[in-house]
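Enquirer: Each chain is listed here by its residues.
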Amino acid sequence: MGKYQEEALILANEGVADTTWRLVLECPRIAAEARPGQFVMLQIREGTDPLLRRPFSFHRIHPERAVFEILYRVVGRGTWWLSQTRQGSRVSVVGPLGNAFRPPDRPGPVAVVGGGIGVAPLYELLHQLAKPSAFFGGAVDIHFFYGTRTAAEMLPESTFSELNLPVHRSTDDGTAGFCGTVVDLFRRVLEKDRWRPAVIYACGSLPMQFAVAQWALSRGTPAQLSLESLMACGLGACLGCALPAPDPKAPNADRYVHVCKDGPIFEAGSIRWNKMQPPPVTPPTFVCV
Amino acid sequence: MEQDAAAAGHATDLRVRLGPLTLANPVMVASGTFGYGEEYADFVDLTRLGAVVVKGISLEPRAGNPPPRIVETPSGMINAIGLENVGIDKFLEEKLPALQSRRVPVIVNILGNTADQYVELASRLDGIAGIAALELNISCPNVKEGGMAFGADPAMAGHLVEKVRRATRLPLITKLTPNVTSIAAVAKAVEAAGTDIVSCINTVSALAVDAFSRRPKLANLVGGLSGPAIKPIALRCVYETVQSVRCPVIGIGGIASAVDAMEFLLVGARAIQVGTANFVRPTATMEILEGIERVLRFLGLSRIEDYIGTLDAECRFPFAEEACRF
Numbered sequence: 001m002g003k004y005q006e007e008a009l010i011l012a013n014e015g016v017a018d019t020t021w022r023l024v025l026e027c028p029r030i031a032a033e034a035r036p037g038q039f040v041m042l043q044i045r046e047g048t049d050p051l052l053r054r055p056f057s058f059h060r061i062h063p064e065r066a067v068f069e070i071l072y073r074v075v076g077r078g079t080w081w082l083s084q085t086r087q088g089s090r091v092s093v094v095g096p097l098g099n100a101f102r103p104p105d106r107p108g109p110v111a112v113v114g115g116g117i118g119v120a121p122l123y124e125l126l127h128q129l130a131k132p133s134a135f136f137g138g139a140v141d142i143h144f145f146y147g148t149r150t151a152a153e154m155l156p157e158s159t160f161s162e163l164n165l166p167v168h169r170s171t172d173d174g175t176a177g178f179c180g181t182v183v184d185l186f187r188r189v190l191e192k193d194r195w196r197p198a199v200i201y202a203c204g205s206l207p208m209q210f211a212v213a214q215w216a217l218s219r220g221t222p223a224q225l226s227l228e229s230l231m232a233c234g235l236g237a238c239l240g241c242a243l244p245a246p247d248p249k250a251p252n253a254d255r256y257v258h259v260c261k262d263g264p265i266f267e268a269g270s271i272r273w274n275k276m277q278p279p280p281v282t283p284p285t286f287v288c289v
Numbered sequence: 290m291e292q293d294a295a296a297a298g299h300a301t302d303l304r305v306r307l308g309p310l311t312l313a314n315p316v317m318v319a320s321g322t323f324g325y326g327e328e329y330a331d332f333v334d335l336t337r338l339g340a341v342v343v344k345g346i347s348l349e350p351r352a353g354n355p356p357p358r359i360v361e362t363p364s365g366m367i368n369a370i371g372l373e374n375v376g377i378d379k380f381l382e383e384k385l386p387a388l389q390s391r392r393v394p395v396i397v398n399i400l401g402n403t404a405d406q407y408v409e410l411a412s413r414l415d416g417i418a419g420i421a422a423l424e425l426n427i428s429c430p431n432v433k434e435g436g437m438a439f440g441a442d443p444a445m446a447g448h449l450v451e452k453v454r455r456a457t458r459l460p461l462i463t464k465l466t467p468n469v470t471s472i473a474a475v476a477k478a479v480e481a482a483g484t485d486i487v488s489c490i491n492t493v494s495a496l497a498v499d500a501f502s503r504r505p506k507l508a509n510l511v512g513g514l515s516g517p518a519i520k521p522i523a524l525r526c527v528y529e530t531v532q533s534v535r536c537p538v539i540g541i542g543g544i545a546s547a548v549d550a551m552e553f554l555l556v557g558a559r560a561i562q563v564g565t566a567n568f569v570r571p572t573a574t575m576e577i578l579e580g581i582e583r584v585l586r587f588l589g590l591s592r593i594e595d596y597i598g599t600l601d602a603e604c605r606f607p608f609a610e611e612a613c614r615f
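From first to last, the protein sequence lines are chains C and D. Per the numbering used here, the very first residue in the first sequence carries number 1; after that it's consecutive. Per the numbering used here, the very first residue in the second sequence carries number 290; after that it's consecutive.
Just chain D, with the same shape it has in the complex (with noise of 0.2 Å):
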C-alpha cells in the first residue's frame, strides 16, 4: 500500500504554513539544543529539516555562568548555561556561512538585556539571504537581565514586539515563557504587537539542591527544566495558546517521539521544535520526521495540514456517557 501510493506520486504532504513562513516539513530543532548545526551534520541530514532554530544570539559574545550549568533530573534536566554565544559578528562571519551551504531555512533567535539590543539585532539580520526568521528570545530563565523579565509581563512583552517589528521585514517569532499565570494573555499582547507566529514553551523555571552536601546542584541556583518531564505544562500551555490567538503557534517542550509530535499538531500547533530529545539521541529529529509520515499514513492522511488542530475536545466514553457529566 505504501509502495503504491510512492508510485503513483502521492506522497505524504508534511508542507505547513505559518503566517509568512513556509515549511517543507513542520519538524524544527529548539534554540540552543543544536549549536548552530555543524555539531549534529554527522547524524542529520541538515537539508531534511523544516528549519533550524540557531543557538540565542546576542550583540556581543557572551560567555554564559559558572559550572555546574546543567543536572539531569527525573526524565528531565535543569539548565543554567546563561546564553553562551559567540555574539552577532561571529555567527554572521563564521557560523551562518556554514549553514547556508547546508541550505536549510535558517531561524536565528536573538536576545538581548535591552529593548534597543533586540531592535539593533533585529536590524542586522534584515534581508541578509539565507535567514528564513527571527525568533525573539524574551523566555530565558538564566540570565538577570532581559530574559524573561521582557516575556514574563504582557505590556512589556508588547511593547518590545512592537518596536522590533518596526526593525525589520522577517517574519517574526515570540518565544513565550511558561513561567507565567496566563500564557494566553502574553500570547495576546504579542500578537496586538505585530509578532507574526509564537512558539511555547521555553524551560520551566526550576531548582535541584543535593541534600547530603546541602548545596544547590547548578551554580546559578535555579535554571530552566526541559525534557519529556515538561510535556504535560508545554502541551497545555500550546493549547491555551492556540486557543486566544490567530497567528500561528509553534509547539516545544519534551518532544521526544513521533507520537509526542503529533500531540502538539493536534492541539493545534502547526509545527513543533525538538529540543532536549537531540541530546539524548543525534538522530532525534530525523525519526521523529520519519515516524510524523508513518503515522499519517497509518491514520490515512496524505496531507500533515488535515491533521492540524483536529483535536476532538469533546468528552466521549462509549460504555458510560454518564461519565462525562462529572
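Bound-form chain C, shown alone (with noise of 0.2 Å):
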C-alpha cells in the first residue's frame, strides 16, 4: 500500500449542509486505494499561510470513477479558502494515509453514533457495512445514530436513504429527531429497545467521543473512534498529533499515540481519556422543551 501527492482535479465544491461542504475530487492513485476511516492531507492553496496542510477523512471512496469525495466543515482560515476554490481547479493531495475502520470482530448488530461533521468518514463506512464489499458487508442489524447542533447542519435525509437502515437523528436543539445529544439518543434507544450492539463506530467531537468511549468501556463492547488532532505532517514524522495512550507495563508513566500513524481509527481502550488536554466538556446544550 503506497502513499501518493496527486494534484487532484476538483469536480465539485459545494454547500451541503449549514457550513457544511462537500469536495469532490479526481485523484485515481489516491482513489484506488482509499478506504474507509484513512484520510488525506489537503495543501488549502498556494502560497505559505496558511502553510500546513489539512487532514480530512474520507466520505465517500468511488475507486472505479478514480474518485473519492470529502465533506467538511468551515470552521477556520483553512477550510474558509477550501470553500472559495473552485470547480476545475486543481488541489495537492497527499494519501491514503493512517489506518483504517476494522470489520467487526464478532457477529452482531452494528451502532454507528456519528457527531456534527463526524459524519464524514462513517458514511463511506455504512455503505461498506450495508452492501456486500471487500472488507466489510454481510452485517445486519446496523443502526445509525446521527446528531447535529441544529436541523439546518444536518444532512438531508436523502442522503441516507439509499443504505435502507434505521437512523435516529438528534439535535441539541430539538429542530429535528430527538432533543438532546446524539449520545443522549444512544442512550435512549438502547434503554427503551433493549437493542444490543456488538460493536460500535463513532466519530465526533471530543466530548462525544469521550462518552461512547465510557459507555463502550463500561459494558465490554468493542468500540472504534476515529479521532483527530493537530497535525503537520501526516506521516509520522513529526510527531504533533500526540494523543496520552495507556502503557500496560508502567501505568503512571506518559506515553502516546500518534493519529496519524497510530490511528485515526482506535479502540476506545487504546486512549488514556482523563490525560487529554483540553479535558473532555460538556458541549453547550440548548433546554429542550
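Since the hints were made in silico from the structure, they are not lab data. Please note that a few of the clues may not be correct.
Said to hold, decoys possible - In silico BS3-like pairs for lysine-lysine, Cα to Cα no more than 25 Å straight-line:
no. : chain 1 : residue 1 : chain 2 : residue 2
1   : D       : K379      : C       : K249
2   : C       : K261      : C       : K249
3   : D       : K506      : C       : K275
4   : C       : K261      : D       : K506
5   : C       : K249      : C       : K275
6   : D       : K379      : C       : K261
7   : C       : K261      : C       : K275
8   : D       : K477      : D       : K452
Dock chain to chain to rebuild the complex, using the hints, since each chain is given by itself in its own frame.
Expert: As C-alpha cells, this is what we get:
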C-alpha cells in the first residue's frame, strides 16, 4: 500500500448543509487504494499562509471512477479558503494515510454513532457495512445514530435513504429528531428497545467520543473511534498529533500514540481519556421543552 | 543546451565538501522533520539526498511533551514535541539497519540532559558502519534539561563539544540556537572546542495564545517556531556564523524552495537542511535538489562550489549611487 502526492482535479465543491461542504476530487492513485476511516492531507492553496496541509477523512470512495469525496465544515481560515476553491482547479493531496476501520470482530448488531461533521468518515463505512464489499459487508441490523447542533447542519434525509437502514436523528436544540445530544439519543434507544450493539463505530467531537468510549468500556463493547488532532505531516515524522495512551507495563508513565500513524481509528481503551488536553468538557446544551 | 551538456558528460557537479565530510549534494533533511527516513520512502528517493539527519536520539526513550504539541502561525508553525524518540537501543536495532539498506549517508542527531549523556551517545555511535557524522543538538527550546541550556552559553557549549570530541572519531556537527544575543560567539566557542561543522539554526523560541479561550495554544506554553516565517532570521544567523568561523556551516531555517536553498549557499552555507517544508510537501527535497541544478545551469555554473559564498555584499544601485551612502 503506497502513499502518494497527487494534484487532484476538483469536480465539485458545494455546500450541502449549513457550514458543511462536499468536495469531489478526481485523484486516481489515492482513490484506488483508499479505505474507509483513512484520510488525506490537503494543501488548501498556494503560498505559505495557511502553511500546513489539513487532514480530511474519506467521505465516499469511488475507485471505479478514480474519485473520492470529502465532507468538511468551515471552522477556520483553512476551511474557509477551501470553500472558496472552484470546480476545475487543482489541489495537492497526500494520501491515503492512517489506518482504516476494521470489520466487526464478532457477529451481531452494529451501532454507528456520528456527531456533527463526524458523519464524514462514517458514510463510506455505512456503505461498506450495508452492502457486500471487500472488507465489510454482510452485517445486518445496523443502526445509525446521527446528531447535530441544529437541523440546518444536518445532511438531508435523502443522503441516507439509499442505505436502507434505521437512522436515528438528534439535534441539541430539538429542531429535528430527538432533542439532545446523539449520545443521549443512543442511550435512550438502547434503554427503550433493549437493543445491544456487538460493536460500535463512532466519530464526532471529543466530548462525544469520550461519552461513547465510557459507555463502551463500561459494558465491554468493542468501539472503534475516529479521532482527530492537529497535525503537520500526516506521515509519522513530526510527532505533533500525539494523544495520551495507557502503558500496561507502567500505568503512571507518560506514553503517547500518534493519530496519523497509529490512528485515526482507535479502540476506546487505547486512549487515556483522563489525560486528554484540554480535558473533556460538556458541550453547550440547549434547553429541550 | 541542457542536452548538449549532458551528452558531453558535463552534468552539474553538486558535490560539496564540509571539512571531513563530503556529500554528493548539499540537500539534507533537518532532524525531527523526516522521522528515521522510512516515513518518507514513498515520496523521496532517499539515495538522492545529500544526507538524512535522523530524529534526535537520547540514551533512554523519551515520551515527549503532552499535547497539543503544534500550532500553525502565519507562514510558520510552533512545535513543542519535547524530543520524543525511541532511544539509542531501538534506534540501533530497528531504525538504523533500515536506513543503511537505503545507502544514504546518515547523520545522527544526539541529545542529552547532561554532558555525560552526550559523551556516552557519541562513544556508542563511534565506529558504526553507515553513520556519516553526529549532530549535537544543544539548541532544542522545548525541554527543561539539556537542549538549549547547553547551546545558549558559549562556555558551556564549548565545554560540551570538547568532551564529546574526545569520545568519537566521527565528524562532529554542532547545531546552534538563534535564541542568543550573539550566535557568532557560540559558533566560535564550539569551533575552538573541536567541532568540525556547525549547523544553524534550530527553531526560534515562540508563543501562541488564544484571545477567546484565554489559553496558550501549546500545552508546553512556549515552543519553537519554524517554516518560511523564520527564513530571514536564519539567513542572518548563517551569514554572521560564516563570517566568524573557518569551519563549514550548514544552513537551516524556512527553506522551502530551490531559491531559498541558493540564498543560504550564497551567504556561505556549504549545505542546507530542509525542515518544515517536508511536512507541507513530502517531495520538497527532490524538488529543491532539481531546482538547484536548474538555477546553476541558468547562471552558467557547472560546479556548486563556484557559487557557495559568492555574495557580493557591496551595495550598488545602477542609477543612484549616492543612495548607498545612507
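Enquirer: Kindly indicate which numbered hints from before are broken by the structure, ordering the numbers from low to high.
Expert: Those not satisfied: there are none.
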